[in-house]
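Protein chains: 4
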Amino acid sequence: MAEHFEQIRATLAQQGTDIEQVIAHIQTFSIETPSWGYGNSGTRFKVFPWPGAARDLREKLADAAQVQRVTGCCPTVALHIPWDQVDDWQEIKAYAEHLGLRLGAVNPNLFQDHAYRFGSLCHFDKGVRSQAIAHVLSCIEIAQSIDSNVISLWLADGTNYPGQDDLRHRRHRLLDSLQTIYAALPDRMRLLIEYKFFEPAFYSTDLPDWGTSLLMAQKLGPNAEVLVDTGHHPQGTNIPQIVAQLLDEDRLGGFHFNDRKYADDDLIAGSLNPFELFCIFHEIVGAQHESNANAGRIAYMIDQSHNIEPKIEAMIQSILHIQTAYAKALLVDRVALQQAQESGDVLGAYRVLQAAYETDVRPLLTEVRVRQGLDPDPIAAFRSSGYAEQVARERTLGESVGGYPGA
Amino acid sequence: MAEHFEQIRATLAQQGTDIEQVIAHIQTFSIETPSWGYGNSGTRFKVFPWPGAARDLREKLADAAQVQRVTGCCPTVALHIPWDQVDDWQEIKAYAEHLGLRLGAVNPNLFQDHAYRFGSLCHFDKGVRSQAIAHVLSCIEIAQSIDSNVISLWLADGTNYPGQDDLRHRRHRLLDSLQTIYAALPDRMRLLIEYKFFEPAFYSTDLPDWGTSLLMAQKLGPNAEVLVDTGHHPQGTNIPQIVAQLLDEDRLGGFHFNDRKYADDDLIAGSLNPFELFCIFHEIVGAQHESNANAGRIAYMIDQSHNIEPKIEAMIQSILHIQTAYAKALLVDRVALQQAQESGDVLGAYRVLQAAYETDVRPLLTEVRVRQGLDPDPIAAFRSSGYAEQVARERTLGESVGGYPGA
Amino acid sequence: MAEHFEQIRATLAQQGTDIEQVIAHIQTFSIETPSWGYGNSGTRFKVFPWPGAARDLREKLADAAQVQRVTGCCPTVALHIPWDQVDDWQEIKAYAEHLGLRLGAVNPNLFQDHAYRFGSLCHFDKGVRSQAIAHVLSCIEIAQSIDSNVISLWLADGTNYPGQDDLRHRRHRLLDSLQTIYAALPDRMRLLIEYKFFEPAFYSTDLPDWGTSLLMAQKLGPNAEVLVDTGHHPQGTNIPQIVAQLLDEDRLGGFHFNDRKYADDDLIAGSLNPFELFCIFHEIVGAQHESNANAGRIAYMIDQSHNIEPKIEAMIQSILHIQTAYAKALLVDRVALQQAQESGDVLGAYRVLQAAYETDVRPLLTEVRVRQGLDPDPIAAFRSSGYAEQVARERTLGESVGGYPGA
Amino acid sequence: MAEHFEQIRATLAQQGTDIEQVIAHIQTFSIETPSWGYGNSGTRFKVFPWPGAARDLREKLADAAQVQRVTGCCPTVALHIPWDQVDDWQEIKAYAEHLGLRLGAVNPNLFQDHAYRFGSLCHFDKGVRSQAIAHVLSCIEIAQSIDSNVISLWLADGTNYPGQDDLRHRRHRLLDSLQTIYAALPDRMRLLIEYKFFEPAFYSTDLPDWGTSLLMAQKLGPNAEVLVDTGHHPQGTNIPQIVAQLLDEDRLGGFHFNDRKYADDDLIAGSLNPFELFCIFHEIVGAQHESNANAGRIAYMIDQSHNIEPKIEAMIQSILHIQTAYAKALLVDRVALQQAQESGDVLGAYRVLQAAYETDVRPLLTEVRVRQGLDPDPIAAFRSSGYAEQVARERTLGESVGGYPGA
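Residue numbers (the UniProt record's numbering), protein chains in the order written: chain A, 1 to 407; chain B, 1 to 407; chain C, 1 to 407; chain D, 1 to 407.
Simulated from the structure, these hints should not be mistaken for laboratory data.
Owing to the predicted nature of the structure, the values given are computational and were not obtained by experimental measurement.
Just to be clear, a hint being listed does not mean it is correct.
Straight-line Cα separation of at most 16 angstroms, EDC-like style, residue types lysine to aspartate or glutamate; simulated pairs [to be verified]: (1) C/K219 / A/D250; (2) D/K219 / B/D250; (3) A/K219 / C/E249; (4) C/K126 / C/E91; (5) B/K219 / D/D250.
Partial chain D-side listing against chain C, Cβ under 7 angstroms, derived [to be verified]: (6) K46; (7) F202; (8) I308.
For each residue, glycine too, the CB sits at the ideal point set by N, CA and C.
Construct all of the structure, not just a fragment, from the sequences and the given hints.
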């Protein structure tokens, strides 16, 4: 292992890079895990309850603290309102801090009230729109009270049949609703506008692509940005390029990481196409390298829904994949890359990326963890802790949690 | 209207076809509606309860009887076990007959028991496989007791991650389980093997395509056939060609009709690409025309999940679309078509199809309905009956029905 | 036929619409055909030469004149430079006028020079970018000299492998090149910026989606607009919604119509999903209805590549499909639609569209043609003219034409 | 490097595997390169001629010999007839042997004759079918004369518009044609039947999926097998599962390797989704491990079309990717995998695969090469040889080669 690490150091030195810089980047890189990832979830066909799955926000935070304990890079937890609604936010904030955590992005739920059958911020009925706006405003208040500075907004709005609603009118209502919300946003808070290609609406989705989200953000103001969920694109989409474009427009608010094979499958990030995840980070590191202003304030968040696998372990696995992709992107020889690019050496340029990608970065991540006093193998550390067995005993199986309809 | 009808008659006469033959075909064409289509259903995000949605099998049958009352072509209802499980099948059979209905295909549920987390007929554990097989066998018994001759088998089996299970071993288990089931099948009963490209499994699905289902059917015997769900294919798939291939192999068991834009959206059949539905029926009519043995025994069934729209009206709408597609396919001038095909007249051949498709067949369907003593406009007939309002008053809103996890 | 027409008139009257208004809309609707559609083209595997395919611009114009003769709605022809380059533009302009035609959009070719191996406007080499810019500037000059007011810009630029070039740098170069071009644009001329999901670049495409094209157009100025090619989207994309968004942003420059099943197949417009084409026109008519400023200045153009079918006949067929879609969209009962939409009557609203779509508009189009002194059946008129046979005799088979590499 | 190798040895030893077995597997693994990969090729928009691209079969063989020289695992070359047609096959066979090569699979061309506009083996005209059959028979003769035992059959047959031809009739003609061909097949020769989802036909393709090819092969006899081209599937298809199914049916004839992002982009194998390539080899190694009869006789072949990159270098790059994927698959701890699979440890099982995939196998491949007397870095070896520059000087640029229409 030590030999491997030394070899990575030597390779980087040849490229003119001090490995300590790479380590410093990895050490300051943190990923937010979602509260809802610790509860039960599933598909429209079935939710398989997991023994010991968290049943309320306190349990979710306790689970998230385990992820932070073994990875050292997950100090914050995203909330979903009303799934995580509590009476006393200061108490829960203190509890989180006691666990070594902070509360992160607040995610309003605009899809589960009966009123939202035909939409929320885009609904033809002003009353429903007002209800939806009021809910987001209350989420902004929660965020303020817990010192969170991110509102992460996903809309399920759309239509299922041609003609069901007027697409331009829906757009007008969307902008109008967002403007009301934006007006209530405190200065230091950012509104991240997520997009999704389809589902749960099946004919049209009101925020279907990055272009629509970006246009809305631009109309709102500088604190509105775009949120990229890696599973929310049509097949064949070049997500790294979308990332590059948003960085270039100074509007990449953050990520919801997950992976998929076909639709929004919400699998473990990097589990099906790890090279694509690497290419995403390659764009980010490239922008950092050129001191792109946006690159320093990206919110890295996970959004997954584990159907059949253990929740906490799946979350740790995702973290490892994201760290791996980032670490490999940091190894890219950018001088050689630029040289190859500017001489039309297509394969030479590709090989610069590939050389970084093929590198086994486990020794590098081990070094980072050991320096932080962590177990080199977070999965083993978690498995051997007995935590999973403990909560499986203590928490009643199958109690509805998570907030998903079947959970 | 009458003029339109006469014009269709004249056009057909020119093609050498007696319109009475076309009418006879439409009159003998029937479509089975699914019991689960009358209860609440939705997406993994939300089930919007519909006022008056059926809460048990008797209510579902009552609703289906309304569809039959106004369309005259939906005399049978598919069942889903255990969602529709009752103590006394003879009583429910009599009730159905009292409503002018018969009980149709029996659909075993192999995805909602906690035991099926990693599969049913393909599960690595023999105990789970036995449980799944036993369930199908009990469904065969139900089918016998209610004089149904179709078992409609859909598996949710699959894996979510590479390596999760051995793909060939799963295949061996699948065949082994199916052989046990087939051995228990009475002579006059057919086993329809459905396939689906993905969902709820996200990495591999054990019956992912028509090829796999057909291979299994061939290994089992002549009473095993393939079930085509129109929403279960990758984007860009030529479904009419699959229909043609299965007809040619004498193994097209039947259809689950619905429509979609991206994944298995379960929208109203023919609502997004009516021309494709027409092309499917064009293959069937072509096979009928050549006395293809299979063409006469296809089970036409609907499988939809209505998220935001009224259940009964959506079902009637689907029936109208399917009838429309079939009626148009019957208008195709097959002599002219063959002539154009065999002379390489690409556009001439295409125009023969298009001429039939562009024809407004509403007057023809009106004639068929009037002859059957039906209202020419089934939707209007249903809307004016007051039935929807009545059940909305009588049935309590929101009681869990349908069987879907969130319903 | 006359009866049918009267019935459409009566239905429209019930909706409060005078059929003469509909007729007037159809009469003023015109579609531009592309010069390159009259020459040979094909796939990367094979170009099948068509007997009588046009070999130079004069022959292409002669063919286009045939389309105009039988349809009456195709008075302009798009040019492709250098495929259509001539020495004397005034002479060719006069020749077109003599044929009853005008020269339309000028399409620069930025993909066929050896220099463009790694791109044109986005190339890393300033010299290549300058060559590409100079070519577009010369196209602007041509457009001026022939009184054309549209430059229709499609880029093949992109990369085939991750790392091949820097995606943000390419974006900077693209904007820079476009700004130089825009600066040279005369006041009355519009620059239409096309986008395409993939092909011929296979990893990234510099203008991959409407969002990118729109952002570029906004940065350039009011005379830059977006061009929607109906075949240039990922599977499952809602193109009508893109049209709605661009109309709402006042930047829908025009269309390149064609149809496809999977990729950019360049088949006859409306041949595979005619309902989608209808839904596109439904958005346009809806915008016209609300006096949307953009709706009145859309450039309707065809961009097809006929591989195996006769060129002129395929073009006429496309025109008929587009007219049909537009005519049906004009029949939509917009009062009833709005009422249904605003009362949450999902299926009622959908049925308003469907009622228009199911209407057989051939009698209406016949009426329009008869009033214009045209044959009611343009295909029959063309077939009976003997023109196809004549050019097949006169023009030598297989001489390379069209400009495509294999043609 | 040596340390790395020792660590792989140690890890394998822990799994109970002798690294020498792994090395032996890699040493006996060979990949066939295609003659057409050394000539110019491109897209329908442009063929960019490569300086020094091979212009005839002798030059292609000379280039292939370079690939063999630096990789040591590419001793055979696939031929394409008539592109590679020569007068004296014995002379060319001797020339190949002189270069250290053997002639491999013979690929009939059934798409480039003018006669094939509407198909070849499926054409409605018996004369065209006979022509196509005769061509395949002549390829069989060539194969015999050069001691090749594989006919690799790809059909471009299909239709572009609904109705263009009768889909079942085409299927009958296809089977009939194949039966004639199969009857002429010598005992030791295999007929590999390729399938492709779409292109160049855009509506239907006569051999669109593995199911169709397998059915045909089964009807023909034991020497007919299926050829999997990795780029010939709809998006989201699980290719490893298709491989597993074909192995299980004892009909996996071989591969045409390449990679793509959307359609049949023919990029370098493993360049966009290397993990998927690894998963394909994982299925093969798993089958080998269980002594699957088919696993030992798979023909590993490359089928790529390099548009903008150097031909020979791209081919070497592909070889390295395929070797890498295979080497990683050989590292999978199959005992641990099975244990995890059979205990429902989803993530544990996945991690067994991932551990192998994350391993940097370059030291292992280096060891294999050094033992074979090869340069550890085939790309560097080729680049430093000066061969590319030499042929660029010697071979005239831009002379039409390759056989593709634009080349």
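Quiz item: Taking only the CA atoms, is the gap from C/K126 to C/E91 under or equal to 16 angstroms?
Solution: Violated, at about 36 angstroms.
Self-check item: Pair hint outcome, C/K219 versus A/D250 [Cα-Cα no greater than 16 angstroms]
Solution: holds, 15 angstroms
Exercise. Quickly compare the C-alpha distance for B/K219 and D/D250 to 16 angstroms and report which way the hint goes.
Key: The given pair, whose Cα atoms are some 15 angstroms apart, holds under the 16 angstroms limit.
Quiz item: Given the hint that D/K219 pairs with B/D250, does the C-alpha gap stay at or below 16 angstroms?
Solution: holds, 15 angstroms
Quiz item: Does D/K46 meet its interface restraint, that is, does its C-beta lie within less than 7 angstroms of any C-beta in chain C?
Solution: D/K46 check passes; min Cβ-Cβ to chain C is 5 angstroms, inside 7 angstroms.
Quiz item: Against chain C, with CB atoms and a cut of 7 angstroms, does the hint on D/F202 hold up?
Solution: holds, 4 angstroms
Quiz item: For the hint on D/I308, does the least C-beta distance to chain C fall short of 7 angstroms?
Solution: holds, 5 angstroms
Quiz prompt | 16 angstroms Cα cutoff - pair A/K219, C/E249 | solution = holds, 12 angstroms
The structure fails hint 4 only (numbered hints given earlier).
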